[in-house]
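K.L.:
Quick note, the sequences are listed as chains A and B, same order.
For the first sequence, our numbering assigns the number 239 to the initial residue and increments by one for each residue that follows.
For the second sequence, our numbering assigns the number 29 to the initial residue and increments by one for each residue that follows.
Rather than coming from a laboratory, the hints here were simulated on the basis of the structure.
Just so you know, not all the hints are guaranteed correct.
FRET-style restraints, in silico, Cβ to Cβ [as the list claims (entries may be wrong)]:
hint : chain 1 : residue 1 : chain 2 : residue 2 : range
1    : A       : 246       : B       : 40        : 19 to 25 Å
2    : B       : 123       : A       : 266       : 37 to 43 Å
3    : B       : 132       : A       : 296       : 44 to 50 Å
4    : B       : 118       : A       : 295       : 43 to 49 Å
Idealized CB from N, CA, C, for every residue including glycine.
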Amino acid sequence: MRKHFILRVVAKILIPFVLLFALYVQFHGDFGPGGGFQAGVIFAAGIILYTLVFGLDTAREVCPRRVLEWLVAGGLLLYGLVGSLGFLLGDHFLDYSVLSKDAGQHVGILLVELGVGVTVAAVVVSIFFMFVDRGRH
Amino acid sequence: MILLSLLVATAVAIILMRDLFAAVMLSGIFSLLSAGLFVVMDAVDVAFTEAAVGAGIATVLMLVTLTQTPIRERPTPRLDWSALVVVTLTGTALVVGTLDMPTYGDPAAPIHQHVAPTYIEQNVKAGAHGSASGDDFHGHIPNMVTAILASYRGYDTFGELTVIFTAGVGVMLLLAGLPPKAPGASDAGPAANDPEVKE
Chain A
239 MRKHFILRVV AKILIPFVLL FALYVQFHGD FGPGGGFQAG VIFAAGIILY TLVFGLDTAR
299 EVCPRRVLEW LVAGGLLLYG LVGSLGFLLG DHFLDYSVLS KDAGQHVGIL LVELGVGVTV
359 AAVVVSIFFM FVDRGRH
Chain B
29 MILLSLLVAT AVAIILMRDL FAAVMLSGIF SLLSAGLFVV MDAVDVAFTE AAVGAGIATV
89 LMLVTLTQTP IRERPTPRLD WSALVVVTLT GTALVVGTLD MPTYGDPAAP IHQHVAPTYI
149 EQNVKAGAHG SASGDDFHGH IPNMVTAILA SYRGYDTFGE LTVIFTAGVG VMLLLAGLPP
209 KAPGASDAGP AANDPEVKE
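Can you build the whole structure from these sequences, using the hints too?
P.N.:
The following block contains the structure:
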C-alpha cells in the first residue's frame, strides 16, 4: 500500500470522522438510533481501515495486543460490575435506579452500553488482526 | 417489493457464483439491501446494526478468511437429489408457516399484546425529555429500543455480550495456538501465552 498515495491521504482524512461517528453513535444511543453494538463495530471498522492502508505492524502499535485483550474482558466486566452495583446497593441485579437519585437509569444505560461497545470493538479488531497476522505467514 | 426482488436476485447470484470473492461481495450487498428493507419497515436500529455488522464487518472478516482458503469454489460433481428434497420441504414448511402470521403492523398481533405495551407506556409517558412525570426513565431515554435493550432486557444483552466475548476469546485461542500454517505440529494446544513469532 506504499504507492497508493490518494488512498492513504483519503483514509487519513476519513478515519478520524469514522471514529468520531462511532463515539457519537455510542453516546447518543439513548436519544437516536444506535448503541453499543453499532458503535463498537463502527469503531472497529475505522481501525480496520487504518490496518488495510497502513499495515498490520503500524496498527499493532496503535492497538497493542495486551491492550486489546484487556479491553475484550474489560467491557464485559464493566457491564457485570454496573449490574452488580445494583444488588450491592440493595436492589436487583442490573437495576440501575440506585446509581443516582433521578438519572440512575440514564447513568446505568450509558455505562452498560459503553461496556458493550468496548468489548465489541476489541473483539472485532482482535479477530481481524489474528486473521491478517495468520495470512502473512 | 423492489428491495425484496433485489434480495432474491442477489441470493440467486450468490448460489450460482463460483468465485468466492464475488460471493462475499454479493453477501455484503445482500446485507445492505436487508438494511434498506428494515429502514422501510421503520426498524432503524436493526437496519443500523445490519448495515454495520452484516454489510461491513462480516464482509471484511470473510475477506480475510479468504486469504486462508482457495478463492474458487470446488465444482460439485452432481446434483444431490436428497438435499434438494430436504431444502424444498423445509422451504415449503416455512412459507406455509408464514401464512398463519398476523398482518404486518397489525396492532392486535400477539407480540403487541404481551409486555411491549408496558415498555412503551413506561418509556414515553413523560413525552419529550426534561419532564419527569412518573415514567421509568424520567424522560432521559427517548429511544425506547435502547431502553428495552439495556434496561428492561438487561439480562439478555448481558448474555449477548458474553456470547461475543466467548466468540472472540475462542477465535483468539484457536488462531494463536496454531503453528503458522504447519498442520500436524506436536503441541498445537490453545496456548494463550504462546509467544508471537512475528512480533
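K.L.:
Please go over all the hints and tell whether each is borne out by the structure.
P.N.:
Hints, one by one, checked against the model:
no.	hint	result
1	A:246 to B:40: 19 to 25 Å	violated (38 Å)
2	B:123 to A:266: 37 to 43 Å	holds (40 Å)
3	B:132 to A:296: 44 to 50 Å	holds (49 Å)
4	B:118 to A:295: 43 to 49 Å	holds (47 Å)
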